[in-house]
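Residue numbers (my numbering), protein chains in the order written: chain A, 7 to 463; chain B, 316 to 748.
Read the hints as simulated data drawn from the structure, not as lab findings.
Please note that a few of the clues may not be correct.
As the list claims (entries may be wrong) - One-sided and incomplete, this derived list gives chain B residues near chain A with beta-carbon spacing under 10 angstroms:
| id | residue |
| --- | --- |
| 1 | 550 |
| 2 | 618 |
| 3 | 693 |
The structure presented is a predicted model; accordingly, all values stated were derived computationally and were not measured.
Don't be surprised by glycine CBs; every beta carbon is placed ideally from N, CA and C.
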Amino acid sequence: MSVATKDRTARGALTHPDLTRLDDVNRDVLNVLKTPGKGWWAMLLISLAGVGMFLGAWGWQMYRGLGVSGLNSPVGWGVYITTFVFWVGIAHSGTLISAILFLFRAPWRQSIYRAAEAMTVFAVMTAGLFPLIHVGRLWHAYWLIPYPNSRFLWPNFKSPLVWDVFAVTTYFTVSAVFFYLGTIPDVAAARDRATGLRKKLYQVMSLGWQGTDRQWHHFGKAYIFLAALATPLVLSVHSVVSWDFAMSIVPGWHATIFAPYFVAGAIFSGVGMVITLTVPLRKIFGLEAYLTTKHFDAMAKLCLLTSMIVLYAYLSEFFMAWYSGEEIERTAFWNRLFGDYWWATWTMLTCNGLVPVMLWFKRVRHSIPALFVISIFINIGMWFERFVIVVTSLHHEYEPFAWGIYRPSTTEMMIMVGSFAWFGFWFLLFTRLIPPIAIQELKEVMPPPMRKQKEAH
Amino acid sequence: MAHMHVPSEVPVRYLPRSKNASMIAGALFLVGLISFVVRLRQDPDSAWISYVTNWLYFTSIAIGGVLFAFATWMTKAKWNWSMRRVSQSFVAFLPLSFLFLLPMVLMLRENYFPWIEMMATDPIVQKKVAYLNIPFLVTRNLVGVTVLFGMAIYFVYLALRPDMGLTEGSEENDPARASWRERLTQGWMGQEQEEVSSYKRMTTMAPAFVMVYAVVMSIISYDWAMSLEPHWFSTMFGPWFFMGAFWGGIACTALWSLYLRTKHEDFKHHIGLQQRHDIGKLSFAFTVFWTYLFFSQYIVIWYGKLPWEQAWIVKRSDPTSWGPFWLLIIGLCFLVPFAGLLGRKAKMKPKLLAFFTSVIVVGLWLERYGVVAPALWHEGDPVFSVWQPLIGCMFLGAYLFSVRWFLSTFPAMQIWQPMVDPETLEAELVHAE
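So here's chain A without its partners, still in its complex pose (with noise of 0.2 angstroms):
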């Protein structure tokens, strides 16, 4: 530890240990842009099937109307809810990795921040179709912009469904333009190599980048400024989601953990869909000495903790509902871990609390087939824990006479899937287009080309 021998601690060595020469990293992460293999296409088209899928049923319940879901009373929220709240929740490890591991100087995250804020750019326009299809009648959907109407009535402001709609635009702008951001030198790199219409095209994407020294000093401060300015997101926007729920008094969904809770949860899972992300990209590009097994293992660790943070909000929930004393939350936490829908609440708390805990050994945290298949356990946990909150308590809320049974239709299902592969099909057009790999920030860490290297430190 005291001794260190000279190559481990040269720039980068330890986090790209393969890497030597600067221009190899223009040409692995371009070499992705080109002309893809057949693997690429063949994704493309099950995601196309699957968009296609996923229109049909939509089209379908607009032709039909919201009878063909299986939502009525009592359980008003239903699968689309549930997925909504997974996509957003999915977009926001994005801004964590870009942007408060930035600002905590965690080095780990510059091989994997571009494909994460992709995913979460992708993420929230998936997730925004949602309350589209939710409300039933597309043609509807603008009463959410909040704007004086003709019939004079303005939306709710003091209702949590309205200031959703700000944290989700909000939030889709700034991390939009943060991901833009960040391309812009990448983009320019690879605009210097590229032919035809695809030159053209990142003409206009790079803004004219030259690589001057003035346009990096502006670089670096407009990101530094948006880093600050996201972090407080991060927070805000799945605290807002939270509060949809806990705001309302139907037990299981008025809790005050319900903030932090949501967005340790969405740190979780959003994570949990970078791994599951990364493992295939860094296969099929043979990015291997870019995505090394130090990022996985960073990746685990930060999964670990927001799931340790997760299994304390549901013991502390599980712990107060019967420190309560209340007959109304005793019932339903009881409800929830032995009524009509255990299956799901039990699987939540094993995907989520269970599995996990495997990352503890390193031998896991080091292995990428074992954490790719830790990561889809993540995946399916979190869209359980929000089907748990979401049907659990509408199921069995007051009065008994007003239980019910939701059983998710066909059509809902159709629609859930499907929006994975809208959500794969603008992935997988990324990986074509934008170097999915920040090349700018890895050569900052790698040695610096010279004749004689340098003693470091």
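With chain A fixed as given, assemble chain B onto it according to the hints.
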């Protein structure tokens, strides 16, 4: 941002011993003790409220500071290398805190816990009997605190041990330092070996400590604060309490580091611009975070408007009693440090940083009181009296003395630093500043 440079040879520096400082700490302790005894004869309930709230506060900032040492160790932070020992030094207060806890768990019954009497008549409180009963309360507090403090002390022991091999001859003829070195170097395995062994153990136990911290601090907050209004419950209460403690630990680390700077050139040099900027940023970030947790709890209760739930807030926002007091807390915990630490200068200039972290430390002290006291308050009592700070002097004296003793007995800057850690991603972000 410049690359975090840890010098290869950290100088062995102690906080100079000072008779005056010990006398002041001793005098504070005595004043507090006498005040407590006097108050106990006048109005025992109020005396105990002051005792418990001050215990909660000083234990919070001490264990919060140790948590900060753990957290920065676990995340392999290097920027705070010169302040590690300061955060670790708070561990010296923990044995005293344990002693202070004993009268609380042994002597406080009906005079402090309203649920004991309510248990006879109140059906809701009766349902909580499995948790709200004295034997379990005493057990869980003693066991929890023992485990938590024990882990903290063991961690600091591990951190101190390798230093002891490097201080020989630089103890400035101080017998206490030498004798502690002897005690801590039993079974010495050699410098390299010690560093490796300490590093491994510290890294392994850190996550476990964090979990124990969350659980035990939640229990403390439930038992000594939340359960005083037995119909009220809030899942946020534990996190709000222990994150506040963490924040207090960070602010106190800043204050003690700034104090060290005035004592020697080396401290002045090594607790530099970078360190102050970073700890200022953290103090600021946790100001926002405290407010976030406070607000998230508040708005859910306000919006829900459930009678048993909002009673807690209604009591604390009554304009004729606790309202102004809580406004002051929000001012000191949020408005002043938020506005003050927003800019870069305030974080870097020692005097400004000391001022704003002091505001935080005072604000948090009032907060611990404002959480507990309204629950046991009766119409007509004063909201705040001079007894609160007077009795607090007892804890303040003990805290100042123990931390000062630690920093002058052990090197005030950690000498061994895990310089190159194969696990770390050794890299920097150049354009961050």
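- Item | Status of the residue 618 of chain B interface restraint (C-beta, 10 angstroms, chain A) | holds (4 angstroms)
- Task: Have a go at the residue 550 of chain B hint: is there a Cβ in chain A nearer than 10 angstroms to its own Cβ?
- Result: Constraint on residue 550 of chain B satisfied, holds at 4 angstroms.
- Does the CB of residue 693 of chain B sit less than 10 angstroms away from some CB of chain A? violated (25 angstroms)
When held up to the earlier numbered hints, the structure conflicts with hint 3 and nothing else.
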